Amino acid sequence: MTLAVRPHPHPGPGAPRGADGEEGSVDTSPSPSGTRGAGTRIVPRSPSPQRRRRRRRDALLFGALIAPNLIAIIVFSYYPAIYNIGLSFMEWDFVAPSPEFVGLENYQDLFTDPSFLQILMNTLIFTGVSVIGSLVGGLVLGSLLATKVPLTGFAQTMAFAPHMLPGAAVGLLWLFIFDPNYGLSRWAFSLFGADSPSWTTTSDWSLWAITLAYTWQRLGFVTVICYTAILDLPKDLYEAAALDGAHGWKLFRHMTLPLLSPITFFLSITGVISAAQAFDIISIMTSGGPGVSSSTLSWMVYEEAFKNFDIGTASAGATVLLVILLVITWVQVRYGDKKVNYS
Amino acid sequence: MSTLNIDAESIDGMTDGRGRTSRRSRGPRRPLWLTALLIAGVVATIAVFLVPIYWLFSSSLKPSGDIYSWPLQWIPTQLTLDNFVSAWNSAPFDRFFLNSIVTTAVGTLLELTLAILCAYAFVFVDFRFKKIAFGLIIASMMLPGHVTLIVNYITIANLGWLNSYQGIILPGIASAFAMFLLYQYMRTIDKDILQAAEIDGAGHIRRMLTIVVPLSTPMILTATLIVMVGKWNEYVWPLIVTSTADMRTLPIGLLFLRSQEGYSNWGAIMAGAVFVSLPMLILFFLAQKRIIGGLAAGALK
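As you go down the protein sequences, you meet chains A and B in turn.
When the letters of the first sequence are read in order and numbered with the numbering used here, they come out as residues 1 to 343.
When the letters of the second sequence are read in order and numbered with the numbering used here, they come out as residues 1001 to 1301.
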């Protein structure tokens, strides 16, 4: 499932507006196509005599309305994330009456363990390849579909379908495809007169097997989002550019790509977050193996906590994951802010 | 790359999402060879996604002789439901189905309720610390699930809810994405209607139930579909929080199937993957505009 990460409730000036992107015009009825053009409306503040009493009542009501959601988020997201950091300084097995404080030992153990360094590397490769691969592929395929030749509607449907499948089913499907004896992989390699590698059972290939399966599932989603975003671009800009004689690659490079940068920015951040917690495909296809050859941080957290019952190590791994994600997001926001186009 | 040529002419009528309307009305036509090339590209795109999915469905209907053959049997020599029978019997899938339906339905209902209440408050109720609360909820989407996994497990275990529906459902009811979608949508509702209702003496709750919720129905439906697909496909949390066969959900059933049938019965494994995926695929084909539109709205806003 995708995540929205823009913390601003108002669509920024960089967000692409619809072709008819009128600022602050009043829609008299909610249009089914979305929420365009309503970004600048403000709750009217009526200066009535009982204003103070009303404000207090509103505050109470506001609290009551958001409380269920806010409490659920605090109890099941923020509190666990913070408590998890605490657990990473402990040693515990779920069974002992209370965790034992061990300081930085878990981290020392992790960073001196060569297999953890490989897991870090695997996570980096898996995330990097799937995010960049699906983004580049999605931009190309999205632009292709936006040319509106026949069959693009069907292509959009087919591209999006994998995103609806459970990761477990995608994992099983690709496990079969990668079967060196009876899978599509044997057929594909035989076209080049080669034998299919044993994708999921050899350590040279297992990481690529899960990366490929995951990227395939993500690619269609990114394609459809890019396609929708391209159709949403302001057409008067394109008319002006066409009058200036810009087209083809030049138009794409200097118009489409900069205009799409808020979307590519969004897709890269959410891509990193969801790749970093990819789990079902890994669990079904390789269980991190052979050895740790296809193990990522998300798999390692699960394995250490719920198979080896080493809570300290698992929490330390999860904390490392959190820190990496925060750093990557911070870099993306910093770097992305400059690149996001404010037309 | 010339395939990326988007000229002013083809931009016409794009606002309706698919945009088949007024293209080709004026301006230079695209040369024929380019159109052919583009169509070839689109066909290749379709193949990338369609071939694996075709393989999934066709294999589930193939007799085992067709599956274990070389060269590959692209078109089944005969169609059989044997694979579905053996997949269904390899694990208590009837129970998994029930569990998946219950947890998905109840979880979706709860999450949507929280989302509607929350979105209404953010749009229509005045409050000073609104922005902080909003930021707190939206920022929670940045927290990866694996960071919260262990502590949530401890919480649920302490409540004695391991192997229970509430244990599977509750940690997932907090709503950020659906809340955001509804928030964006409710902001387009004309405040004058609400003010008129207020003058007539309707309180917030009445205004929410009789005006805002009915007017937001399209987006509520979209959000419901998106949330539902996510819950149906949920894997890691049910895997951890349940340990008895009678409480497992369908995606976990696929893990059973894989460890039982391994490489020796692909037909049954594909059949299992099909019947777990089918409900959401059908939903998608029925409501794809809604689902894609909602996810795109979340991304593009």
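What the hints contain is simulated information worked out from the structure, not anything from laboratory work.
None of these values were measured; they are calculated from a predicted model.
Beta carbons: idealized from backbone N, C-alpha and C, even for Gly.
A couple of the hints might just be wrong.
[Said to hold, decoys possible] Derived contacts from chain B toward chain A, CB cut-off under 10 Å, selection only:
(1) Thr1035
(2) Ala1133
(3) Ala1157
Hints, verified against the model:
1. Thr1035: The hint holds - Thr1035/B has a Cβ within 10 Å of chain A, the shortest such distance being about 6 Å.
2. Ala1133: holds, 6 Å
3. Ala1157: Holds, because the Cβ-Cβ distance from Ala1157/B to chain A comes to roughly 8 Å (cut-off 10 Å).
Of the numbered hints given earlier, the model fails none.
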